[in-house]
Amino acid sequence: MRLLSLLAAFSSLLSLSVAQKTHKYHTLVELSSSGKGPKGTIVLTDNNYNDLTNAPRNYSAVVLFTAMDQRFGCTLCRDFQPEFDLIGSSWNKQHPNQDGLFFGVLDFSNGKQTFQRLQMSTAPIMMLFPATTTGSPADHVPLRYDFNPNDVNAAESVARWVSSHTKHNVTINRPFNYAKFFTMVIGIIGTATMSKLAYPYLAPALYSRNLWAALSLVAVLLFTSGHMFNHIRKVPYVVQGRNGGVSYIAGGFSNQFGLETQIIAVVYAVLAFSSIALCLKMPRIESAGNQKIAVMAWNLVLLVMFSFLMSVFKMKNSGYPFFLPPLIA
Amino acid sequence: MAPVKPSFFKDPASTQNVRAILRVVILLTIAAASISSRLFSVIRFESIIHEFDPWFNFRASKYLVKNGFFDFWNWFDDRTWYPLGRVTGGTLYPGLMVTSGAIWHMLRMISLPVDIRNICVLLAPGFSGLTAFATYLFTKEMKDSSAGLLAAAFMGIAPGYISRSVAGSYDNEAIAIFLLMFTFYLWIKAAKLGSALWGGLCALFYFYMVSAWGGYVFITNLIPLHVFVLILMGRYSGRIYVAYSSWYALGTLASMQIPFVGFLPIRTSEHMAALGIFGLIQLVAFVDYLRGQVPSKQFNTLLRALVILIAIVAFSGLVLLTVTGVIAPWSGRFYSLWDTGYAKIHIPIIASVSEHQPTAWPSFFFDLNFLIWLFPAGVYLCFRQLRDEHVFVVVYSVMASYFSGVMVRLMLTLTPIVCVAAAITVSSILDTYLEIDSPEEPDPDAEHKKPKKEKVKEVGGSPGGFLSSKAPYIGIYSITSKIAVVAAFSVYLVLFVLHCTWVTSNAYSSPSVVLASRMPDGSQHIIDDFREAYYWLRKNTPYDAKVMSWWDYGYQIGGMADRTTLVDNNTWNNTHIATVGKAMASGEAVSYEILRKHEVDYVLVIFGGLLGYSGDDINKFLWMVRIAEGVWPDEVQERKFFTARGEYKVDGDATDTMKNSLMYKMSYYNYQSLFPPGQAQDRVRGAKLPAEGPVLHTLDEAFTSENWIVRIYKVKDLDAFGRDHFSVTAFEGGKKKAKKGGLGGRAAGKRGRRVLRV
Chain A
1 MRLLSLLAAF SSLLSLSVAQ KTHKYHTLVE LSSSGKGPKG TIVLTDNNYN
51 DLTNAPRNYS AVVLFTAMDQ RFGCTLCRDF QPEFDLIGSS WNKQHPNQDG
101 LFFGVLDFSN GKQTFQRLQM STAPIMMLFP ATTTGSPADH VPLRYDFNPN
151 DVNAAESVAR WVSSHTKHNV TINRPFNYAK FFTMVIGIIG TATMSKLAYP
201 YLAPALYSRN LWAALSLVAV LLFTSGHMFN HIRKVPYVVQ GRNGGVSYIA
251 GGFSNQFGLE TQIIAVVYAV LAFSSIALCL KMPRIESAGN QKIAVMAWNL
301 VLLVMFSFLM SVFKMKNSGY PFFLPPLIA
Chain B
1 MAPVKPSFFK DPASTQNVRA ILRVVILLTI AAASISSRLF SVIRFESIIH
51 EFDPWFNFRA SKYLVKNGFF DFWNWFDDRT WYPLGRVTGG TLYPGLMVTS
101 GAIWHMLRMI SLPVDIRNIC VLLAPGFSGL TAFATYLFTK EMKDSSAGLL
151 AAAFMGIAPG YISRSVAGSY DNEAIAIFLL MFTFYLWIKA AKLGSALWGG
201 LCALFYFYMV SAWGGYVFIT NLIPLHVFVL ILMGRYSGRI YVAYSSWYAL
251 GTLASMQIPF VGFLPIRTSE HMAALGIFGL IQLVAFVDYL RGQVPSKQFN
301 TLLRALVILI AIVAFSGLVL LTVTGVIAPW SGRFYSLWDT GYAKIHIPII
351 ASVSEHQPTA WPSFFFDLNF LIWLFPAGVY LCFRQLRDEH VFVVVYSVMA
401 SYFSGVMVRL MLTLTPIVCV AAAITVSSIL DTYLEIDSPE EPDPDAEHKK
451 PKKEKVKEVG GSPGGFLSSK APYIGIYSIT SKIAVVAAFS VYLVLFVLHC
501 TWVTSNAYSS PSVVLASRMP DGSQHIIDDF REAYYWLRKN TPYDAKVMSW
551 WDYGYQIGGM ADRTTLVDNN TWNNTHIATV GKAMASGEAV SYEILRKHEV
601 DYVLVIFGGL LGYSGDDINK FLWMVRIAEG VWPDEVQERK FFTARGEYKV
651 DGDATDTMKN SLMYKMSYYN YQSLFPPGQA QDRVRGAKLP AEGPVLHTLD
701 EAFTSENWIV RIYKVKDLDA FGRDHFSVTA FEGGKKKAKK GGLGGRAAGK
751 RGRRVLRV
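As you go down the protein sequences, you meet chains A and B in turn.
The opening residue of the first sequence carries number 1 in the UniProt record's numbering; numbering runs sequentially from there.
The opening residue of the second sequence carries number 1 in the UniProt record's numbering; numbering runs sequentially from there.
Quick caveat, the hints were computed from the structure, so don't treat them as lab data.
Predicted model, so just to flag it, every value in this text is computed and none were measured.
Worth double-checking, as some hints may not be accurate.
To be verified - BS3-like mimics (lysine-lysine), calculated; alpha carbons at most 27 Å apart, straight line:
(1) 659/B with 688/B
(2) 688/B with 234/A
(3) 292/A with 482/B
(4) 649/B with 234/A
(5) 24/A with 112/A
(6) 620/B with 597/B
(7) 66/B with 620/B
(8) 281/A with 482/B
(9) 39/A with 93/A
(10) 234/A with 297/B
(11) 297/B with 196/A
(12) 620/B with 688/B
(13) 167/A with 640/B
(14) 292/A with 281/A
(15) 659/B with 716/B
Please model the entire structure based on the sequences and the hints provided.
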């Protein structure tokens with residue numbers, strides 16, 4: 001009798017804990033599929049963070065610690081967020097009951113205390129809390145994901161990572177980008193219509209030699225002054241110098257700043273146009289006096305600009321032995 | 001020949017012979033100057049092949065002259081890419097080797113038995129003289145022979161071209177730039193004359209170019225682009241049709257005879273532009289013909305609709321074929337030219353090569369000096385007349401500027417057109433300011449009558465009118481202005497020559513196989529570690545020993561040490577390279593298995609820490625990791641080589657993965673013994689190394705060169721008692737110390753510089 005009551009008490013306790021467990025699981029499933037944020041991810045706060053991550057767990061959880069607020073200037077967070085949402089929604093679509101894998105996002109503004117408690121000073125951080133059902137102590141230690149900023153298909157990499165560390169097989173369904181498709185179609189139709197309508201007005205410009213000359217020269221100047229380097233290496237425009245000033249010219253031969261290349265492009269342009277002026281414009285000036293002054297002026301501009309160019313180059317390449325008189329760096 | 005103004009010499013006809021002789025003399029002088037300025041390295045060092053790729057070309061040339069052409073054609077090389085081997089005859093551009101082989105045979109025929117090495121070393125300077133001549137011909141078609149001579153002189157000494165053609169730089173580019181310029185000259189000639197003969201000649205040289213350099217694709221796309229622009233401008237003519245059709249048909253058929261090219265011209269996207277334009281020009285020609293026959297307006301409209309329809313069908317057919325995979329999409333190397341971020345993400349092996357980096361502006365100025373700002377002016381001058389050939393210069397300029405901005409290496413294709421455009425500018429300026437006769441100042445009364453007439457005459461030359469040349473040409477009145485401008489430009493020209501000489505001598509004349517440094521007293525000290533190590537390999541290892549190294553050194557090991565390599569600079573098999581990367585980046589247990597499986601006997605690493613040589617393997621190491629990661633993302637991870645703060649370190653803070661990697665261990669093994677305890681320092685990375693050096697279990701140090709640049713390790717055989725190597729080293733702990741003492745004595749550092757080593 002006594003034994004029976006004990007057994008009854010124990011079994012009720014067990015069922016209670018099971019009920020609690022299933023209750024917690026159902027809440028999480030509900031939070032995943034409804035709740036705030038996109039479908040498939042749970043928007044976490046300080047309050048429910050522990051609910052999701054505390055052991056024992058009969059499910060795995062992937063938590064992204066992020067800082068989306070503009071103030072933190074975390075571009076990687078903002079770049080990665082849509083990818084993370086995509087993983088969550090893909091999983092949710094294939095497994096409406098989550099089937100033992102949850103995705104949660106804890107933003108710094110919702111979870112300052114958790115960030116402090118975990119001593120996190122950087123974002124984004126992503127952790128995988130494996131299910132604690134196997135009983136191995138390793139399950140209690142969350143795994144950390146290494147972000148690769150250059151990853152274009154980050155969602156796929158994360159899915160691979162999750163799949164390799166849990167029993168779940170996560171696949172990504174990238175939705176067809178209708179917005180992009182329609183913008184492109186409308187763009188093409190629009191451009192075609194516009195060019196058809198504008199053709200009579202644009203035709204003279206299209207056949208204008210001056211326009212094409214200008215375009216070619218701009219292209220040539222842009223490319224020869226290192227624009228593609230800026231574009232590929234994403235160099236800063238200017239850099240704050242040591243003593244408060246701004247440095248325009250990057251030190252070192254294979255390095256440059258945005259503004260620096262623009263200065264160089266302008267210098268090249270001035271030099272090129274003074275030589276054009278010297279060989280085309282000057283011999284067409286009718287008055288001898290004016291011509292003499294103009295020739296001297298352009299010649300001087302050429303000299304000073306070239307000298308400036310040489311001095312800038314010498315600044316970049318300190319071993320360079322040559323210079324041109326007016327400006328000696 | 002362009003008409004010469006009769007002002008300088010009273011009668012141009014009487015001085016014609018003198019001019020011709022002068023031209024020949026000047027061209028010969030230019031050729032002599034361009035050859036001699038490329039000989040710095042031969043004079044300073046010796047007649048030696050430079051860098052990496054030339055070593056392979058040299059080895060192939062030796063094979064060619066030894067075994068004959070047909071053996072060369074069918075050459076299967078089992079001493080590279082072990083254990084795969086390489087079908088060398090079918091996977092190389094044979095133009096270079098065949099050229100030097102032909103020269104070698106020719107010299108033998110006239111009883112001048114020259115060593116093939118000397119021919120290889122001097123081939124590039126020799127061809128630079130021809131390039132100058134080709135540039136002269138090309139520019140002469142653009143303006144006149146005086147501009148041509150200037151262009152030839154510029155081309156002869158411009159560092160942008162010298163960088164790839166100094167003596168010893170026996171690479172495909174050595175002859176390819178000459179072929180490029182000459183093919184373009186023949187194309188211009190063909191388009192001007194509408195002659196199938198010139199078109200056929202152009203195709204012939206195009207074939208030579210295809211056989212010599214992968215950069216032939218530049219021609220394959222530039223000529224169609226020129227034709228396309230001409231058609232868009234409404235300048236279609238029978239001349240263009242004849243020139244293009246004969247060039248394309250003959251050139252493509254000829255280019256397909258090179259085994260390495262094969263069916264690429266009809267199967268890949270790089271070549272589709274040429275094919276598409278070939279179709280288009282047939283259509284345009286057809287329409288043009290019909291228009292001449294049937295003048296009905298309605299018929300014209302119908303025809304136009306038909307043409308547009310055919311064009312759309314053809315284009316969508318191309319797209320369909322590309323999508324279904326019949327036509328290969330753009331190959332990675334070409335695709336990365338357009339989508340500049342592509343290579344970095346998808347093909348690290350392309351992004352890892354330093355020649356494939358974008359170009360910063362100082363490089364442009366360094367390679368071209370004042371030509372770089374004369375270049376836009378020259379392009380502008382081409383717009384003034386804008387004949388068909390000037391359109392070519394404009395198209396070439398814009399495309400080449402873009403490409404050279406994306407890839408340092410393509411500076412080479414930009415240099416010729418910069419020289420041409422700059423020569424046009426300089427010669428226009430000199431034409432104007434070197435005229436001795438000054439014009440009379442117009443009578444102020446007659447002023448408003450006279451110019452109008454002249455204006456009509458002048459504008460007639462260039463329809464539509466053009467900025468800055470609308471007013472009539474008068475000339476320069478004052479002799480002072482003339483002297484000032486001519487003097488200024490003479491100074492610039494002299495400066496250019498000085499600059500070129502300095503750049504050539506300082507930057508482009510190092511063989512990189514032999515390094516030179518200055519001693520404190522100013523005398524030159526030669527660092528010859530590479531050859532020392534390769535010679536050691538050649539003399540002390542069995543002929544069939546397999547040497548593993550990073551792919552950069554594959555050609556050199558093959559050429560100088562004559563040993564079998566696992567990977568080399570012909571990077572055709574990414575997985576095999578990644579295997580080597582993985583072996584270098586993993587711990588010894590993993591690496592040893594890879595080494596055993598590939599039957600590697602020796603591992604060679606380059607280490608610059610002692611000397612401060614920055615091009616060493618630790619600095620290239622991240623690329624090995626990245627390439628390995630591309631194939632085995634689970635086993636090799638770049639992230640693990642960075643400290644928690646995201647730094648790449650080799651000192652005490654280095655990550656465990658870094659410290660345990662084979663590359664790290666091989667680089668720093670025993671290095672600490674050179675310094676007093678705890679003072680070991682890496683001079684490249686400026687890092688203080690941990691007091692305790694790495695321990696190697698599976699490799700034995702076999703050889704370390706004088707300045708520690710090359711270190712060679714022998715892979716241990718399996719243990720005689722069947723133990724694994726880790727327990728062997730643990731067991732032999734006591735013995736090891738004695739051995740270390742011996743090594744310490746060898747490496748104790750301050751040995752005399754020229755002590756003989758056994």
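Now the hints, each set against the structure:
{"no.": "1", "hint": "659/B with 688/B", "verdict": "14 Å, holds"}
{"no.": "2", "hint": "688/B with 234/A", "verdict": "32 Å, violated"}
{"no.": "3", "hint": "292/A with 482/B", "verdict": "9 Å, holds"}
{"no.": "4", "hint": "649/B with 234/A", "verdict": "24 Å, holds"}
{"no.": "5", "hint": "24/A with 112/A", "verdict": "24 Å, holds"}
{"no.": "6", "hint": "620/B with 597/B", "verdict": "25 Å, holds"}
{"no.": "7", "hint": "66/B with 620/B", "verdict": "36 Å, violated"}
{"no.": "8", "hint": "281/A with 482/B", "verdict": "14 Å, holds"}
{"no.": "9", "hint": "39/A with 93/A", "verdict": "9 Å, holds"}
{"no.": "10", "hint": "234/A with 297/B", "verdict": "55 Å, violated"}
{"no.": "11", "hint": "297/B with 196/A", "verdict": "21 Å, holds"}
{"no.": "12", "hint": "620/B with 688/B", "verdict": "20 Å, holds"}
{"no.": "13", "hint": "167/A with 640/B", "verdict": "25 Å, holds"}
{"no.": "14", "hint": "292/A with 281/A", "verdict": "12 Å, holds"}
{"no.": "15", "hint": "659/B with 716/B", "verdict": "21 Å, holds"}
Hint check: violations occur at hints 2, 7, 10; the rest are consistent with the structure.
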